[in-house]
Structures are given as C-alpha cells and as structure tokens.
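Those protein sequences? They're chains A and B, same order as listed.
For reference, each letter of the first sequence is one residue, going 1 to 524 in my numbering.
For reference, each letter of the second sequence is one residue, going 1 to 179 in my numbering.
There is no bait here: all hints are sound.
Quick look at which bits of chain A chain B covers, simulated, 3 or more residues with Cβ under 8 angstroms:
1) 23-34
2) 37-44
3) 237-249
4) 301-310
Please keep in mind that the hints were generated in silico from the structure rather than gathered at the bench.
The C-beta atom is built at its ideal place from N, Cα and C for all residues, glycine as well.
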Amino acid sequence: MNQQDPDNLIQRFLADEVSPELVEQLEAWLREDAAHARVLAEYGLLEQMMVGQQVEDDASSVLALLLEMEQRAEPIDLNNTNQEGQAADWHEEKPALSAQDLATAGSYVLRHSLTPKAIAALATAAMVLLGVVLAAVLLGGPGDDQPVVEGPAWPGETPDTPRSVDEASHHKPIVAALTAEHDAQWRASSGAVLPGVGDGLRAGQRLSLIEGFAEITTNLGAVAILEAPCTFELLDHPNAIRVDTGRLVGIVEAESARGFLVRTPHMDVTDLGTRFGIDATLSSETQVHVFEGEVEAVKPDAAADTQPTRLAAGESARAVADSGVIASIDHDSERFAAVVRTKIQLPGTGQGLGEGQPDQNWHVVAIDGAVLDRHYPVSVSGDAHYSLHIPEDPTTSQFITWLPNTEPPVGGSITYSFRTTISVPNSADPATAHLVIRFMADNELVAVRVNGHRLEAHGGAFLEAFDRWDELVVGEHLERGENTIEFDIRNHRPDEQSASNVGLRVQWELISQTSVFEQHNQAP
Amino acid sequence: MSEKSIQPGPAEERSFTEYWLEAQHALGGFVRLHIRDHNLADDIIQEVARQATANFERYDPSRPFVAWLIGIARQRMAEAFRKQGQQPLVFSTDVIESLTVAYAGLQDEVSDRMDGLRQCMEKLNDRHRRVLDLKYARRLTSGEIAKQVGGSAGSVDVMIHRLRTALRKCINQHLESRR
Numbered sequence: 001m002n003q004q005d006p007d008n009l010i011q012r013f014l015a016d017e018v019s020p021e022l023v024e025q026l027e028a029w030l031r032e033d034a035a036h037a038r039v040l041a042e043y044g045l046l047e048q049m050m051v052g053q054q055v056e057d058d059a060s061s062v063l064a065l066l067l068e069m070e071q072r073a074e075p076i077d078l079n080n081t082n083q084e085g086q087a088a089d090w091h092e093e094k095p096a097l098s099a100q101d102l103a104t105a106g107s108y109v110l111r112h113s114l115t116p117k118a119i120a121a122l123a124t125a126a127m128v129l130l131g132v133v134l135a136a137v138l139l140g141g142p143g144d145d146q147p148v149v150e151g152p153a154w155p156g157e158t159p160d161t162p163r164s165v166d167e168a169s170h171h172k173p174i175v176a177a178l179t180a181e182h183d184a185q186w187r188a189s190s191g192a193v194l195p196g197v198g199d200g201l202r203a204g205q206r207l208s209l210i211e212g213f214a215e216i217t218t219n220l221g222a223v224a225i226l227e228a229p230c231t232f233e234l235l236d237h238p239n240a241i242r243v244d245t246g247r248l249v250g251i252v253e254a255e256s257a258r259g260f261l262v263r264t265p266h267m268d269v270t271d272l273g274t275r276f277g278i279d280a281t282l283s284s285e286t287q288v289h290v291f292e293g294e295v296e297a298v299k300p301d302a303a304a305d306t307q308p309t310r311l312a313a314g315e316s317a318r319a320v321a322d323s324g325v326i327a328s329i330d331h332d333s334e335r336f337a338a339v340v341r342t343k344i345q346l347p348g349t350g351q352g353l354g355e356g357q358p359d360q361n362w363h364v365v366a367i368d369g370a371v372l373d374r375h376y377p378v379s380v381s382g383d384a385h386y387s388l389h390i391p392e393d394p395t396t397s398q399f400i401t402w403l404p405n406t407e408p409p410v411g412g413s414i415t416y417s418f419r420t421t422i423s424v425p426n427s428a429d430p431a432t433a434h435l436v437i438r439f440m441a442d443n444e445l446v447a448v449r450v451n452g453h454r455l456e457a458h459g460g461a462f463l464e465a466f467d468r469w470d471e472l473v474v475g476e477h478l479e480r481g482e483n484t485i486e487f488d489i490r491n492h493r494p495d496e497q498s499a500s501n502v503g504l505r506v507q508w509e510l511i512s513q514t515s516v517f518e519q520h521n522q523a524p
Numbered sequence: 001m002s003e004k005s006i007q008p009g010p011a012e013e014r015s016f017t018e019y020w021l022e023a024q025h026a027l028g029g030f031v032r033l034h035i036r037d038h039n040l041a042d043d044i045i046q047e048v049a050r051q052a053t054a055n056f057e058r059y060d061p062s063r064p065f066v067a068w069l070i071g072i073a074r075q076r077m078a079e080a081f082r083k084q085g086q087q088p089l090v091f092s093t094d095v096i097e098s099l100t101v102a103y104a105g106l107q108d109e110v111s112d113r114m115d116g117l118r119q120c121m122e123k124l125n126d127r128h129r130r131v132l133d134l135k136y137a138r139r140l141t142s143g144e145i146a147k148q149v150g151g152s153a154g155s156v157d158v159m160i161h162r163l164r165t166a167l168r169k170c171i172n173q174h175l176e177s178r179r
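Same shape as in the complex, but just chain A (with noise of 0.2 angstroms):
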C-alpha cells in the first residue's frame, strides 16, 4: 500500500462511499500498526469538533440559561434516589425552575458540543445544576408525567423502557400489532381498550393475557407468541418486547427481523435469527430454550460491554436472581404450550415384506454418482447374518438390498444410491422438520442428498457385525409435500466375479415443530 492510499481510503471512508471491500483495507491497513488508528481516530475526532464548531456561538446563551437557572433553583439532592433510580423528587414541584427550563439546557448540552471554554465555565459555574439538568433529562425529568405502575423491582431497568400505563402510552409510536389469537382473553387496567386482532400496539402498552395464546408481530417481523398467563409490554422499538411473566415463543424467519430483542427480568435474550422459548413464568428465574438457530443472552444488569452468552439449537440456559451467571441447563422444548410437536412414523425399510420381495418404496437410481437408465428395484434381503445380532422385525424394518442378477459387472468398492420418497405434510413446518434416521448400512453409509443437496453422512459400517444402530439427524432442505431422500451406500467387492450383497436398513421418523397458530392456519 502505498503512502497516498490510507488518506484516500479514509477519505472515502468518511465520504460514505463505505462497502465491504474498503473496510476490508481500511482494517488491514489499520492492523499494521496501532498508530494508525490514532490517525482514523484523529479524524472522527475533528468530524465531532466541526460540528461542534459551527455551535459554539450558542453555548453563550445557553451558559446565561444555565446561570440564570442556578440563581433560581434550590438545591436539589441528587443522592435522595428511589429503587429505580430516578431522583426522587423529579415530580415535585419546583416552581423557580421550570421543566423546559431544564428540558432546553439539559438537551442543549447533550446534543451538541460544548468548546472547552464554555465546558470550564459550566464546570465550575454551573456543574451542580448541571448535574441537576442531565440527571433530569438524561433519566426522561420533568415534563415526563407518565404515571409509573406498581410492579416487581426489575433489575436493570432503564429509563428508556418506562413502566406505564395503556393510556400513557397513546402518543407513543406503533410499534407492533396483535396478529392473531387462539382462545385468547386479556385483561387490561382501568379503561384501557382491549386489544383485537389487526390492532396496532404502541410503545409502552402493558398487556395481560389471562387465557390463550396471542401472537404479535413486531414492525421488523420477528413473531413472538405468549401463553397465557403472561403480562408484556412494547418497548418502544420496532422489534423489542418486555415479559414480565409467562411464556413466549419468538420465531425470526425475516431478515429485518433479525435482533428481535425479549428482555425478562432475569435475563435479556437476543435473537440470531432462530426460534426459541422464554419461560419466565418463575419470579425467581428465566429460562431460554432454543428450538433453532442461535441467540444471544445477557443479565439486563450486566456491564455495556459484558459478552453475551450464546446459545445453539438444542441448547438452553436460565438466569436466576442475585447471581450474574447464566447457567446451561436441560433442554426441555416440550414445555411450550405453543409450539406443538408433530411426529410421523415414516416405513422402515422392507416393513410388512416377506423375504425376496421388493420394496416398493424404494430403488437404486445411481452408481457411483452415474446415473443408472432406469431405477432399479431393491427387495428384502434376507440374508441371515444382518440379523445375527439385531433380528430383523418385518413389522419395523429388514434389510433392503440390490437384486443380485442385476450386479453390475464391476470389482472394487462401488457406491449405490438407494432413493425413496416422503412426504411433509402442510400441519409440519419445514423450518423446524427434521428427520430422525437409525441405520445399519452394508458396507457403510458416505452420504444423504435431500432433494438433490448432497450431505456428508458417516456410519453403519459395522464390519459386518451389524450389532449396533448407528443414528443420523438431518434437518436441510426439507420441503412440504414430496421429498426425495437419497442414501449412498458404499459397498466393497473382492471383484467381478464375486458377490457382494449391498445393504441398507432404516428406521426413520420425520419431526416438526409448528406453533398453535402455523397449525391451525395450515391445511390438512
């Protein structure tokens, strides 16, 4: 890189003519030396100070304002705090010092600023009543009349995420709405407007769901369902919700959807793009499961810059009171009322045949990779040593094999492609279907292709022993209706000359999970 780049692409940087690959050199060229950083830093720094700059002027004014106003106001004990943390003294009356007083300067100073100058002089002139006007503004002061409710002490709370009442919330931004209920029933204080269905819901509504289920979604499209009992309320954000108690199940498919924020009050869970449990129905603790995907989960008192615990499909943890640990514990799906658990039993392989006959279901369509001019039928094998250890059961599953006078006329290890079909059914929901496959494979199994996507799979090489199922989840590119499942069996012949039967046994059942409102809108 020569001595021109890093000023162009900083240039460029700052012009926002920002994309992948400048940043990609931008970092690089900032890796090779922390001295560089300190220039970047250097010219953010001036960005802040020309703007800063063009205000100057005003700071005089608001100095005046300042002054003006300590000459007015009686002291003000700032320690005199409540459990919120908010001074507690905000809604009384302090008639020498108005709220847009404070309002103004408190902003004025937050949003722009302030030369060195005008800073010493508000530092040593004004800094108490300074302290007085960002405490006021900063934790949302006078002026905010909004009436708190009486609830639970909920660590971490911040003044952005106010607890107030239906009606306070009316001037507040839609930020959700309600988009479905099942058997629902709600309660909700004094004079609030029950919620229906299509309604829009703004920041700060406070909701009780005393029977059902009700499924919101958020501006961004994350859904979140809740079951009753459950009490939430809209943060104000496009795609955030606070439980205080219940259960919800929040499923982010949309990409705008992604970040989809449920603060409890034990444990702050960000989504990943996933699906997921929140169990806070316990006041002394919150638990996540996740069904799919990943998330993010984090103590709401935790430090700004603590490293969020992150959690997989299958994974789950809790956060209790009074500990700053989110412990791993069982995943246990089965407590979400809201997501119902379909499972099918899909045909074993030779299940209900005698021996000999085919298998109907299924064919071998490929060797090695080449596609074969016809597919081939396979039938039960029969062979009494697959069932010295693990005997065969025409009721569940047997051996299915290559009919022998159609071997191909080749030695060496060859791979067969066992295909068969199976259907999804509309009530399963293909995010979440996943089959669950137990195997035994003659020699072994290399691979399964799932509507043509090729997946690396190992197993059911037994060497020849067959005592033992070997077991294999997969949960890619199923579809509903029709799916073509393919399984590549790698079968070792001495020669030509010699037989070799090839051999696949499955036992198989196709899971899903589908929330209460996914299987009810679906067909049958």
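Start from chain A and add chain B according to the hints.
Quick look at chain B alone, frame taken from chain A:
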C-alpha cells in the same frame, strides 16, 4: 490501553457530569466516524448519555470512561442500523479496540485540538468556511452545498476532502508548536 486520561477512583468520587464533559468529544468522534447522518449521530450520543447515566453505578472507574461509553455506543449503533434495515458495516472487534484505545489517548488533547481548530479555521478563506458551515452547521448535502456556492457535488466533496486533510495537518502542527 491508555488510561492516562482518566484518574482511577471510585465512581462516586466524580460525578457523571464531570466524566461526561471530559469524554463526550472522544465518544462523538467514535460515533461520527461510523455515522455520517449528523442527526442520527446526535441521537445515538444522546441515547448513550441516557443509558450511561442510568447505569452509572455500574461503571468500573479502573477503565477509561470513554471506553465504557463506546461499548454502549456500539450497541446503540447496531440497533439504529437494524432499525433502518441496514447491514451494520462496522469494523472488526480488534479494530474497534484499537480505535477505543486511540480515542482514550486523544481525550486529553481535545481542548488543545479545539483551540487549534479555531485558529486553523481563521486561516481559511470565506468560501471554504462557508462550505464547512453549510455542511456541519446547516447539515446540507454536497449537492445542496454546490447549489449555494457553485460547482458540482463532486467538486464540493473534493473540497471537503482537502479541507479535512488540511485541518487535521494544521491542528497537529498547532499541537506540536505547544509541546
């Protein structure tokens, strides 16, 4: 990480306001490095202030205050990007750490740099000052600025590019002269 800009000690010994006034420019520098929309940057900074105030008792004074603020700012910026449906195009964690160290180191120089900027601005001609005023005070786009001062949006971009480079160089010379 440089910690010279913060005097370690219990958080309660120094008020939030003192910390904030000291660190706000460095925080602003970090935020504006990533966000070109001045109004959005203002909102982010204000949100950081709001959250930092509410959680001030959790600040560990053994660490630079500005590093704590930048940690909060990263979360707020990520939220803002998501809210706008944008892919948060941010630096890698190690680069962010380097920038955080750099801003902590710059914090002590802010006052001198502001003095330097003021003096350097006086050396600019009227047209240059007007362009900067239109960009940073009135927050106009390059196209809007071009309509007022003449030329094309591209020529305004080039001028701003050169002004930034010149001002940074001038400010650093000012600092050198005072050492």
